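Engineer: In case you want the letters, here they are:
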Amino acid sequence: DAGITQSPRHKVTETGTPVTLRCHQTENHRYMYWYRQDPGHGLRLIHYSYGVKDTDKGEVSDGYSVSRSKTEDFLLTLESATSSQTSVYFCAISHSGGDTQYFGPGTRLTVL
Amino acid sequence: AQSVSQHNHHVILSEAASLELGCNYSYGGTVNLFWYVQYPGQHLQLLLKYFSGDPLVKGIKGFEAEFIKSKFSFNLRKPSVQWSDTAEYFCAVTAIYNQGGKLIFGQGTELSVKP
Chain A
1 DAGITQSPRH
11 KVTETGTPVT
21 LRCHQTENHR
31 YMYWYRQDPG
41 HGLRLIHYSY
51 GVKDTDKGEV
61 SDGYSVSRSK
71 TEDFLLTLES
81 ATSSQTSVYF
91 CAISHSGGDT
101 QYFGPGTRLT
111 VL
Chain F
113 AQSVSQHNHH
123 VILSEAASLE
133 LGCNYSYGGT
143 VNLFWYVQYP
153 GQHLQLLLKY
163 FSGDPLVKGI
173 KGFEAEFIKS
183 KFSFNLRKPS
193 VQWSDTAEYF
203 CAVTAIYNQG
213 GKLIFGQGTE
223 LSVKP
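These protein sequences, in sequence, are chains A and F.
Counting with the numbering used here, you get residues 1 to 112 for the letters of the first sequence.
Counting with the numbering used here, you get residues 113 to 227 for the letters of the second sequence.
Careful, some of the hints might be misleading.
Claimed, not checked - Simulated DEER-style distance windows between Cβ atoms: (1) Thr26/A <-> Ser164/F: 41 to 47 Å; (2) Ile180/F <-> Lys57/A: 41 to 47 Å; (3) Ser164/F <-> Arg22/A: 18 to 24 Å; (4) Ala113/F <-> Val88/A: 22 to 28 Å; (5) Lys11/A <-> His119/F: 31 to 37 Å; (6) Asn28/A <-> Ile180/F: 43 to 49 Å; (7) Asn28/A <-> Gln194/F: 32 to 38 Å; (8) Thr86/A <-> Ala128/F: 38 to 44 Å; (9) Asp54/A <-> Ser126/F: 36 to 42 Å; (10) Thr142/F <-> Glu14/A: 45 to 51 Å; (11) Pro227/F <-> Thr71/A: 31 to 37 Å; (12) Ala113/F <-> Gly40/A: 28 to 34 Å; (13) Gly16/A <-> Asp166/F: 50 to 56 Å.
Unchecked claim - Far from chain A, by Cβ distances over 10 Å, these chain F residues were calculated: (14) His121; (15) Ser130; (16) Leu156.
Honestly, the hints are just simulated from the structure, not real lab data.
Note that this is a predicted model, so its numbers are computed, not measured.
Even glycine gets a Cβ: it sits at the ideal position worked out from N, Cα and C.
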């Protein structure tokens, strides 16, 4: 398995609180991605990064922000969590755009 | 906009039955195609991929898929399923000239194999 870790693995929080999820890789891959997985929707891209400090929006980016200050770390922040953001969040990495993406173990987030 | 459609939401088979999961995509340009598998409680793992060349690709655990460009399809097959194949299967597509290589996923097919 690719060297990808996500933290925390589980989190329960309340509506309106900020939440930050971390993805850490040891593969030195340039591209990193955040997806959310919801029943009946598959995985949907939230944001992605194509290099340090280079990020772009995916299809479901509203309410989320990201930052990448180092190659190995990609942070996803929910500025003010809502119940609709209850989901499982997966980080992925790839060597280049269009190449195979390898997924982390996921973070299960519950917003009450 | 690109989209991926998986025909079956839930498939139930007995062990040793043959499997075929349908996947169609909508995009007129050149694409890379993937099938991922997610076992219960686990992350997504790559089953197989198609970038170019022979349209019949073989993956892990006896799975294979055929890319039919004229039909915009990339169906997954396995001649004889096992109980351990119980999982959710996702088809995904990326346009090769798409900045960032954004993957578009189908909604997934849940496969249940009865022993």
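Engineer: Each hint should be assessed against the structure and marked as holding or not.
Structural biologist: Now the hints, each set against the structure:
no. : hint                             : in the structure
1   : Thr26/A <-> Ser164/F: 41 to 47 Å : violated (29 Å)
2   : Ile180/F <-> Lys57/A: 41 to 47 Å : violated (32 Å)
3   : Ser164/F <-> Arg22/A: 18 to 24 Å : violated (36 Å)
4   : Ala113/F <-> Val88/A: 22 to 28 Å : holds (24 Å)
5   : Lys11/A <-> His119/F: 31 to 37 Å : holds (35 Å)
6   : Asn28/A <-> Ile180/F: 43 to 49 Å : violated (36 Å)
7   : Asn28/A <-> Gln194/F: 32 to 38 Å : holds (36 Å)
8   : Thr86/A <-> Ala128/F: 38 to 44 Å : holds (39 Å)
9   : Asp54/A <-> Ser126/F: 36 to 42 Å : violated (50 Å)
10  : Thr142/F <-> Glu14/A: 45 to 51 Å : holds (46 Å)
11  : Pro227/F <-> Thr71/A: 31 to 37 Å : violated (46 Å)
12  : Ala113/F <-> Gly40/A: 28 to 34 Å : violated (18 Å)
13  : Gly16/A <-> Asp166/F: 50 to 56 Å : holds (53 Å)
14  : His121                           : violated (8 Å)
15  : Ser130                           : holds (24 Å)
16  : Leu156                           : violated (4 Å)
Checked against the numbered hints above, the structure violates hints 1, 2, 3, 6, 9, 11, 12, 14 and 16; every other hint is satisfied.
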